[in-house]
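Asker: Listed here are the chains, written in short residue letters.
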Amino acid sequence: MLRYALRRLVLLLPMAFIISFVVFAAMRMIPIDPAELVVGPYASMEQREAARKELGLDKSVPAQYAIYLGRVFSGDLGRSLKSGKPIGELIGATLPNSLLLGGVALGLAYLIAIPLGVLAAMKQNTAVDQGAMAFALLGISIPNFWLGLLLVLFFAVNLHWLPATGSGTAAHLVLPSVTLGLQFTAIVARMTRSSILEVLRQDFIRALYAKGLHRTRVVYVHALKNAIIPVISLLGLHLGSLVGGSVIVETIFAWPGMGLLLVNGITGRDYPVVQAVLTLLGCAVLVANLAADLLYAVADRRIKL
Amino acid sequence: MAGLVTGRRGLLTTAAIIGAASALPRGAGAQEQPVRGGVLRYGLAAEPRRMNQLNTTWMTDATQHMYDRLLTRAPDGSYVPHLATWTTSPDGLVWTFKLKPGIKFHSGEPLTSAAVKWWFEQARDPKGFYGFKGSYQSVDSVETTDELTTVVKLKQPDANLAFILYTVYSSIHNPKTYERVGKDAYGVNIEDGTGAFKLKEWTPGDKLVIERNNDYAWAPPIVKNQGAAWLDQIVYRYIADGAALTAAIEAGDMDIIVQPNPADVDRLKTNPGLVVLQKPMPAARTIYFNTEAKPWNDVRVRQAMAHAIQRKPIIDRLLFGQGLAAYSVVPPTFKDMYLPDCEKFFPYDIAKAKALLAEAGLKDSDGDGFVEYEGKAWEPEMLVTSISELTQLAQVVQAQAARIGIKIKIVQLDVESINARTLAGNFGVLTGFYLWDGPDTIIDWWVHSGNIPATNRARLRDARIDDLIGKMRSAPTLPARYGYVKDIQRIMHGELNTIIPVYHPLDTYVFTKRVRGYEPNPMTLYPRMHDVWLAKA
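If you read the sequences in order, they're chains A and B. All residue numbers in the first sequence are consecutive under this note's numbering, ending with 305. All residue numbers in the second sequence are consecutive under this note's numbering, ending with 1537.
Just so you know, the hints here were simulated from the structure itself, not pulled from any lab data. Treat the numbers as computed from the prediction; the structure is a model and nothing was measured. Fair warning: there could be bad hints in the mix.
Said to hold, decoys possible - Pair ranges (Cβ atoms, derived):
(1) A:L150 x B:G1273: 16 to 26 Å
(2) B:E1147 x A:L99: 31 to 41 Å
(3) A:K59 x B:V1035: 53 to 63 Å
(4) A:H160 x B:E1032: 47 to 57 Å
(5) A:L150 x B:V1035: 37 to 47 Å
(6) A:P115 x B:P1313: 49 to 59 Å
(7) B:G1273 x A:A171: 12 to 22 Å
(8) B:A1074 x A:S141: 49 to 59 Å
(9) B:A1217 x A:A171: 32 to 42 Å
We treat Cβ as the ideally placed atom computed from N, Cα and C, and that holds for glycine.
Okay, chain B solo, but in the shape it has when bound (with noise of 0.2 Å):
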């Protein structure tokens, strides 16, 4: 578990994690034979949906594991094979999958090279709304050669394709069960994968069952056990409640819960049943603006505001210290595209940031403390939804703004109208995050000219990024495209201040000590449940 965090600023949080993870029961190493069988009763913060990536972007735990991808990611951010093998051409324009031998669904039926093209057609048809269409734009025609094979032809080079094959959402299903029980069934009471798990059943508000496949031989070379898994079944609930989350592993309900409330880590983590194991989220909270609003539109009241943040506090007061500094919508442990030199930008500085706004014609000149816009009275409207975390994040921004002479008004919304209001662009400041194991994509989705209005909120329009954007969408090499990922940060957090990342929040696992091998890792969403199993109570 060691380096977790690579967190520069971190340090001290770096060390609270490692410690607890050196909690881990005594015997949980090597020589500890696992044990096949037993329930891991899982605890959801967060509640299942239907399991079927055309048909919705928040994909459950279980899908993971229910369904396999062509290739993995390694912990070290490096791409693996998975279902398939691949090679590319020098030109980077050919791609090659060729199938490991011998993988069947769970219906019975063997994993062909019809399945990967089907797939391909499906994500890249123009009339679904696929969530992630956008992600397979380079793909050109996808063939198969021969029972296992399936070329890709690309129209340029796309280093990243590797990204968007990997995550669960371009997980391979059976198109002859997809087509017989169509998009709407699939994924809700039947599916047919080839993962690890099968589903057994669902009863949303209830539980979601999934069980061991028993056939499973075609494991990652990133896991240590290459068959079958050792738990019998995974039961996953949803509780909606913090407080009753926590209370479900306390009473014993649970086997593992995920993201209990940060209020009540700390008296988990003194509990002799219980291990918790903290890693960052590939996540960030921020705050960011309308380009086109004024005076927001001028990058130097946006510089401002950058040098008006305090992140500690917010850490230490708000997230009870679950949480890492962001200086940069990439989180530090994307090491290969994280940009250090973002920490220092922006330093803490009231001065500086007064002097800005001063330079921008920001000035108090009626001495009430607060600047006035234009000669009048100045109370930018900043949107928040109602979720705790991030209205009290705007109230401490709000009173850190305070300190530099911007009075800003809190504005609490449902997100139906916050969505509908950063749409039309009717808005000035809002506190935003986002949870997605690609922060480069990301950055693509949030400063993209092309991307206004949907994803591209902030509405920036900066000719060089959108040119660093283009090169780093065809860039021919993972470290050719994370090069441009840099120099995109450099401009993005080092001049632009479209965005101001706050923090990194940290997911949050506790289980009870009869747990072992559960080890999630800091750059995927989702833990991996092949080397999990139960000891003996």
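One chain only, chain A, in its complex shape (with noise of 0.2 Å):
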């Protein structure tokens, strides 16, 4: 397992460096003209030249690129065009935002969807079942930018339970992690029930049973263990899409994370920013596919890697 893990680790390598060609080449094909961020509307043809002269837009992509490695693998990943802050310090103080909310929202999911589809797996066909699987394709089926706007509506400017937009405390995660959770929450449930049906419906559940154990030790011990592994590898499948919703539930809610870094820096054309956060959130997905795997093989014994 640990060969595997370190063969997978030196494979991701190529990965991110494909990764960041990409997103450097994407950048690229934009007509980037930074002059109008730094010089402003009203320069002179000679300012914007020596704007672009002093942000090296004047040579060629690959020097561009070659330039740019060279100076992220000194550890230095250039400033924010518009802030002008080190764009290491921005990644530093939005990621552990990003990981909070995003840990708190798949947290929330798991917590609520697992016992929710266990349940629904168990009373099938009941007014419990269909409840539980209704609520699943609502959560499925509600976008979470208009998700959010209603709960703001709701608890913030209605009720004024909680604040509408910002960070700082435990209340300030609620929206958000809500909002962002819901969809995943769904998807988990509606997995959990299918495949604890699937599992219900083997030999060795029927040999524990004769064995005369309670039916909520089979379920919930030997049944749901060997159901899980799905449900872990939709993690996988799904963190891209988790990314992609925090990006949207960051901007309506304001939330000083890495997704909202991502959209002030397309609407700002920062694109050192933009450049930044991409390659780390490609290579986030590809970090967090690689700990699914792995999570397989602690899930199941029988799966030798």
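Could you fit the two chains together into a complex? Lean on the hints.
Answerer: Below you can see the structure in the form of structure tokens.
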């Protein structure tokens, strides 16, 4: 397993290079003129040229990429064109916020979804099952930008129970994490239900009942342990969309995370920031997929890596 | 607040604006004693940028309060002393600035004439790319004669030097701190200005916090509070999403928000806990033409378009009433330089527009309702960015142009592509805008032939305009300058129509009733914070 993990880690490196190059090339395909940002709309042609030169945009694209890589390896991600802050500092400030929001959303999703899925499976074809699955269908169908606004309208603007935007306290975390996590909760609940139902039909379950085990123990300990693998693989599959969702949710709630950093970078044409954040997010998805693969082996001893 | 708006055609809007202002909380007048303390939570619709004018051309509200300028502009448009008093020689060629004694930077070091000289040198640095270098081109030499006195000699008279010196882009900094931390880091984590507030912390995407400078005793004469500010801190938060920005003040997360979605303004006005204040923005939304592209090079075609534009439906439907009809690039609030005749030059007149097109050889000969150019179907492109306000404007203009038989094709592009195409002169029509509190300098940048293609993207070459702008630049007094500005408007908007102004948007400020002393000025970009205080909840 350790050898497998190491081999996968080594394979991540070329992948990371490819991501960084694709992102870099994509950024250069936009006819970037930082002049508007640095010298403004009222500057002369000489001033524009001077700004381009200072930002190194007068060099060829491969040369720019080489300089960029060299800087990245010496730990310098450059500065934001807009705020002037070092990009490393910006990521350092926003990454923990994104991890916190994503972690809470994921935690909430699993905490709610797994018991809900199990319950629906145990009470298959009853009102409880149908209710749980109706909730799941609703959860999958509601777009998060709309849900976020509805929650704000209800809990922040009308009831004044929770803040509408910002960060700093646990109360600030409630609405964004529910908004971000709901869709995933719904997906996990449905997957847990169908996976449990499938496992419950297998021979070893019948054997467990024959042994005289109580139903609760059979389902929660033995069936769930076997049913959990596809639920874990969901994490790997959906991490990308979770990251995508965080971009929207962070914008709606002005949550100071990497998603908001990316959006502000895009709208402000702050291409060094966009470049760094996209590359990092791409690499994060790679690492998360690796983590999900490794988790299989932990969850199911039959899988030998 | 009365007299905020002087636009003739904006009477209805004027009433609405004053009506909103009169909804200020009772007791907001003179009898109430301001109290010190409190944190003002300020929601911005534009993201703060680095706070160093040598490195950016978009200065954040906070820069107005962290830094001071040599002089400032009073609400009536006149220039008054701030850090310095000044005299101008009779020939207008020598400006002598004398700093008020006892002014200190935030680091504690005294402000001396060396910092003033240093600033002029930075602004004029031939290698630098300070965005407003052109506004300093009349300066010949800068010398200090003692600790407090700076003598600026000009190559030619330039009354408008006062304007650039008043803007936040001529803020005075401590050269020692600036040189120590360098151009890239100054105004990011460190500043050393003389303003009423100091930088406390800035986390982009989260918040920008400034705190009171307790030593402050050099406020400009136009504010009531001549000492340190009332507020302890101002916390700026940038909320990109318009709905979220509005929700933030309705939920009580903010004390002030600026520029909520126009569609939300009417609802916010009915909220008993909030005050909505609106003022014309020193800005204009325009349509403009490439005067080198056929057939827009024919003045009659542009004049026809001017006759086809109906401004009222645009303001009522698109802006929900939150705008003033624009007939000149200069907003009517700048009454010293505004030419009221502009309102009469090209009234809405379909028949006249069609006649002008016919004269220029554009006729509908195949009966499809649209004119042909040189015998072929003509579908001119109009470039527009994805900013929804401008795309909607483009759609209305498209519909209005169709009434005179011009079939406009809207081409939506990203800012970069539009920038590249307009710089190269590869366009016909464009929806454009500016936001700048010197509309006379906008005219200079937009239509002087020397500014092709950098800022004169209409590529206008007109000898009369160039001559008038030359005179305007070297006018010895502001009234003389503004006289030329009016002459230029007469040619620009009365005849050439390279730029058709459509509306001046309104700045909308929404604040809770705890906020007192907040009085935005229609002639400046940023409200002053010296007199703002928070009443106990």
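Asker: Per the hint of 49 to 59 Å, is the separation of the Cβ atoms of B:A1074 and A:S141 within bounds?
Answerer: With a Cβ separation near 58 Å, B:A1074 and A:S141 satisfy 49 to 59 Å, so the hint holds.
Asker: Honestly, do A:L150 and B:G1273 meet the 16 to 26 Å range at C-beta?
Answerer: Roughly 22 Å apart at Cβ, these two residues keep to the hinted range, so it holds.
Asker: Is the gap between the beta carbons of A:L150 and B:V1035 within 37 to 47 Å?
Answerer: holds (39 Å)
Asker: When you take the CB atoms of A:P115 and B:P1313, is the distance between them in 49 to 59 Å?
Answerer: holds (57 Å)
Asker: May I ask you to test the hint 32 to 42 Å on the CB atoms belonging to B:A1217 and A:A171?
Answerer: holds (41 Å)
Asker: Within 31 to 41 Å: is that where the Cβ-Cβ distance between B:E1147 and A:L99 falls?
Answerer: For A:L99 against B:E1147, whose Cβ atoms are near 54 Å apart, the range 31 to 41 Å is violated.
Asker: Take a look at whether the Cβ-Cβ distance between B:G1273 and A:A171 falls inside 12 to 22 Å.
Answerer: Roughly 21 Å apart at Cβ, these two residues keep to the hinted range, so it holds.
Asker: Kindly confirm whether 53 to 63 Å is satisfied by the beta carbon distance between A:K59 and B:V1035.
Answerer: holds (57 Å)
Asker: Given the hint of 47 to 57 Å, is the C-beta distance from A:H160 to B:E1032 inside that range or not?
Answerer: At roughly 27 Å between Cβ atoms, B:E1032 and A:H160 fall outside 47 to 57 Å, so the hint is violated.
Hints 2, 4 from the list above are not met by this structure, while the remaining hints are.
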